[in-house]
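With the sequences and hints as input, model every part of the structure.
Take a look at the letters that make up each chain.
Protein chains: 2
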Amino acid sequence: MRAAVKITFLDENGEKFFGEGPCRLLHAVEETGSLRAAAQSMGMAYTKALKILKNAEKALGFALTYRAAGGKDGGGSVLTPEGKEWLKRYEAYRDACIQADRKLYLEFFPEQR
Amino acid sequence: MRAAVKITFLDENGEKFFGEGPCRLLHAVEETGSLRAAAQSMGMAYTKALKILKNAEKALGFALTYRAAGGKDGGGSVLTPEGKEWLKRYEAYRDACIQADRKLYLEFFPEQR
DNA sequence: TATCGTTATTGTTTTAAAACTATAACGGGA
DNA sequence: TCCCGTTATAGTTTTAAAACAATAACGATA
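First to last, the sequence lines map onto chains A and B.
Residue 1 is where the first sequence starts when you use the numbering used here, and the numbers rise one by one after that.
Residue 1 is where the second sequence starts when you use the numbering used here, and the numbers rise one by one after that.
A portion of the hints provided could be inaccurate.
Identical chains share a label here; the pair holds if one copy fits it or two copies do between them.
What the hints assert, rightly or not - Using 27 Å as the maximum straight-line C-alpha spacing, the simulated DSSO-like pairs for lysine-lysine come out as follows:
(1) 16 / 6
(2) 72 / 88
(3) 16 / 72
(4) 103 / 72
(5) 84 / 16
(6) 88 / 51
(7) 54 / 88
(8) 58 / 72
(9) 48 / 103
(10) 72 / 51
(11) 6 / 103
Read the hints as simulated data drawn from the structure, not as lab findings.
Printed below as a string of structure tokens:
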């Protein structure tokens with residue numbers, strides 16, 4: 001038995017717009033340079049990946065990725081500077097929460113390992 | 001914008017078996033004395049409520065409720081002593097996590113609210 | 001101007017969770 | 001022995017999310 005902690009960001013309407021899914025998606029975009037390839041690498045439909053990004057960018061008020069169609073290789077997607085910064089802060093906060101909650105777990109459930 | 005933290009307990013197979021839903025359900029059972037009435041008060045199907053309890057009890061290895069059919073009022077459900085104790089510890093741990101994570105939020109996102 | 005692999009949009013199909021329905025069994029008490 | 005409202009179980013129907021499919025537009029390059 002163990003406890004899992006999940007951090008999710010909500011907009012002013014209480015709607016989720018960022019969590020582990022979008023986080024992993026952004027990393028995949030960084031690695032592949034393409035939203036389509038990123039979605040595919042996660043076993044996610046492209047339409048869903050695009051929806052996730054548009055939704056998050058709308059809530060945040062800035063672009064997480066710069067997406068371009070056309071060009072020599074057909075186009076592609078890259079993280080914006082703001083996107084990189086947001087991703088870093090999200091992960092730092094998430095990890096701090098996980099660490100803090102794990103410590104609390106040992107206090108509240110000392111008999112569990 | 002705000003961050004929400006969700007605490008979930010997983011069994012050895014990584015399957016969720018306890019979180020806010022089951023927690024609220026147990027409180028409703030305490031208040032109503034009936035699993036059926038508890039489910040109804042939450043707008044939840046009885047079959048789902050029963051499934052939740054059986055699943056959690058199996059993972060924990062002890063009964064959260066004592067359920068009886070028949071008798072003067074048709075029967076009913078009450079929390080076992082172990083169920084009350086588990087509920088109390090879950091809520092205490094959950095609240096400690098929420099408080100710790102809220103404090104961290106102010107550190108990592110000081111410009112928000 | 002034709003080609004390429006993207007981004008973007010729309011509509012359909014699958015799928016899995018939840019809700020719903022029906023029915024049996026329980027067991028005190030009238 | 002019958003009645004009551006509950007627990008318990010099995011099967012069906014709804015519903016919402018996700019996956020899938022099809023198509024248009026983009027724009028640098030040859």
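Consistency of the hints with the structure:
With identical chains, the CA atoms of residue 16 and residue 6 are at most 27 Å apart both within one copy (12 Å) and between copies (12 Å). Taking the closest pair of Cα atoms, residue 72 and residue 88 never come within 27 Å of each other, the shortest separation being 31 Å inside a single copy and 61 Å across copies. With identical chains, the CA atoms of residue 16 and residue 72 are never at most 27 Å apart, being 36 Å at best within one copy and 47 Å at best between copies. In the homo-oligomer, the alpha carbons of residue 103 and residue 72 never lie at most 27 Å apart, since the shortest distance is 51 Å inside one protomer and 48 Å across protomers.
In the homo-oligomer, the alpha carbons of residue 84 and residue 16 lie at most 27 Å apart inside one protomer (20 Å), although the nearest pairing across protomers, at 32 Å, exceeds that limit. Taking the shortest Cα distances, residue 88 and residue 51 sit within 27 Å of each other inside one copy (22 Å), while across copies they are farther apart (40 Å). Within a single copy, residue 54 and residue 88 get their C-alpha atoms as close as 19 Å, which meets the 27 Å cut-off; across copies the closest is 41 Å, which misses it. When the C-alpha separation of residue 58 and residue 72 is checked against a cutoff of 27 Å, the pair qualifies neither within a copy, at 29 Å, nor between copies, at 58 Å.
In this homomeric assembly, residue 48 and residue 103 never come within 27 Å of each other (Cα to Cα): the closest approach is 36 Å inside a single copy and 33 Å across copies. For the identical chains of this complex, residue 72 and residue 51 are intra-copy neighbours only, at 26 Å inside a copy versus 55 Å across copies, given an alpha-carbon limit of 27 Å. Taking identical chains as interchangeable, the C-alpha atoms of residue 6 and residue 103 lie at most 27 Å apart whether they share a chain (15 Å) or sit on different chains (16 Å).
When each numbered hint is compared with the structure, violations occur for hints 2, 3, 4, 8, 9.
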